[in-house]
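There are 2 protein chains.
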Amino acid sequence: MSDEYPVPDMADVQLVTVLRAVADPVRLQIVRVLADGEPHAKGADEWGFELQKSALSYHFKTLREAGITRTIVTGRTHAIQLRRTELEGRFPGLVDVLLQA
Amino acid sequence: MSDEYPVPDMADVQLVTVLRAVADPVRLQIVRVLADGEPHAKGADEWGFELQKSALSYHFKTLREAGITRTIVTGRTHAIQLRRTELEGRFPGLVDVLLQA
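Just so you know, the sequences run in chain order S and D. Heads up: the first sequence begins at 1 in this note's numbering, then just goes up one per residue. Heads up: the second sequence begins at 1 in this note's numbering, then just goes up one per residue.
Read the hints as simulated data drawn from the structure, not as lab findings. You may find that some hints are simply not true.
Note: identical chains are not told apart, hence a pair may lie in one copy or across any two.
To be verified - Simulated crosslink set (SDA-like; lysine to any residue; CA at most 20 angstroms straight-line):
hint: 1; residue 1: K42; residue 2: M10
hint: 2; residue 1: K53; residue 2: M10
hint: 3; residue 1: K53; residue 2: P25
hint: 4; residue 1: K42; residue 2: D96
hint: 5; residue 1: K53; residue 2: D36
hint: 6; residue 1: K53; residue 2: D9
hint: 7; residue 1: K42; residue 2: Y58
hint: 8; residue 1: K61; residue 2: E38
hint: 9; residue 1: K61; residue 2: A23
hint: 10; residue 1: K61; residue 2: V16
hint: 11; residue 1: K42; residue 2: T17
hint: 12; residue 1: K61; residue 2: P8
hint: 13; residue 1: K61; residue 2: F49
hint: 14; residue 1: K42; residue 2: G89
Can you make the complete structure from the sequences, with help from the hints?
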């Protein structure tokens, strides 16, 4: 976490906010890529979308501001990671539901 | 079910469609009222929203078209019911997640 990429306290995150954030095919797919719990570089090819970088950035920001992900800055590398344990604590079962086909 | 109020086959319902439908405070509250699995009259006072009838009708329609509810017409009474068993079969755990505070 950094000042540049603030995240809400999980205790303050509302379910409807999370639902709104994941109610989008691209963001749902991002969550599925992140489901392994590991940080994933924002610039990697693995996202598999034919999206402009700016569009992808918008989706990353939406997920972060909704409380679903955090951004990890290491030097010039920016990675995104699911706040999986926190999400599971706040909304038990939610992550598993999102990973369903 | 009636021709007037068609519902999609649950097998065709996509998770992102369901998420989009419930990613709204009013519709999420409607789902919670319906969580008992019983039909609830559309015109009842129990919904607890200060909404115009037309606005409430729009939310009912959105839920039905997303596959979440069915409308039961009995004479002049229209009731709405959660497709709970079907939803549970298609997206295990989803309904429980939606009922969390």
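Hints, one by one, checked against the model:
1. Proximity of K42 and M10 under a CA criterion of 20 angstroms is satisfied in neither setting, with 22 angstroms inside one chain copy and 35 angstroms between copies.
2. In the homo-oligomer, the alpha carbons of K53 and M10 never lie at most 20 angstroms apart, since the shortest distance is 28 angstroms inside one protomer and 35 angstroms across protomers.
3. With identical chains, the CA atoms of K53 and P25 are at most 20 angstroms apart within one copy only, with a shortest distance of 17 angstroms there and 31 angstroms across copies.
4. Taking the closest pair of Cα atoms, K42 and D96 never come within 20 angstroms of each other, the shortest separation being 23 angstroms inside a single copy and 32 angstroms across copies.
5. With identical chains, the CA atoms of K53 and D36 are never at most 20 angstroms apart, being 23 angstroms at best within one copy and 45 angstroms at best between copies.
6. Proximity of K53 to D9 under the C-alpha cut-off of 20 angstroms is found in neither arrangement, the shortest distances being 27 angstroms within a copy and 37 angstroms between copies.
7. For the homomeric pair K42 and Y58, the shortest alpha-carbon distance inside one copy (12 angstroms) is at most 20 angstroms, but the shortest distance between copies (38 angstroms) is not.
8. Within a single copy, K61 and E38 get their C-alpha atoms as close as 18 angstroms, which meets the 20 angstroms cut-off; across copies the closest is 40 angstroms, which misses it.
9. Within a single copy, K61 and A23 get their C-alpha atoms as close as 15 angstroms, and across copies as close as 18 angstroms, so both meet the 20 angstroms cut-off.
10. In this assembly of identical chains, the alpha carbons of K61 and V16 lie at most 20 angstroms apart whether taken from the same copy (17 angstroms) or from different copies (19 angstroms).
11. For the identical chains of this complex, K42 and T17 are neighbours neither inside a copy (23 angstroms) nor across copies (26 angstroms), given an alpha-carbon limit of 20 angstroms.
12. Taking the closest pair of Cα atoms, K61 and P8 come within 20 angstroms of each other only inside a single copy of the chain (12 angstroms); across copies the shortest separation is 33 angstroms, beyond that limit.
13. Taking the shortest alpha-carbon separations for K61 and F49, only the intra-copy value of 16 angstroms comes in at or below 20 angstroms, while the best inter-copy value is 32 angstroms.
14. When the C-alpha separation of K42 and G89 is checked against a cutoff of 20 angstroms, the pair qualifies neither within a copy, at 26 angstroms, nor between copies, at 35 angstroms.
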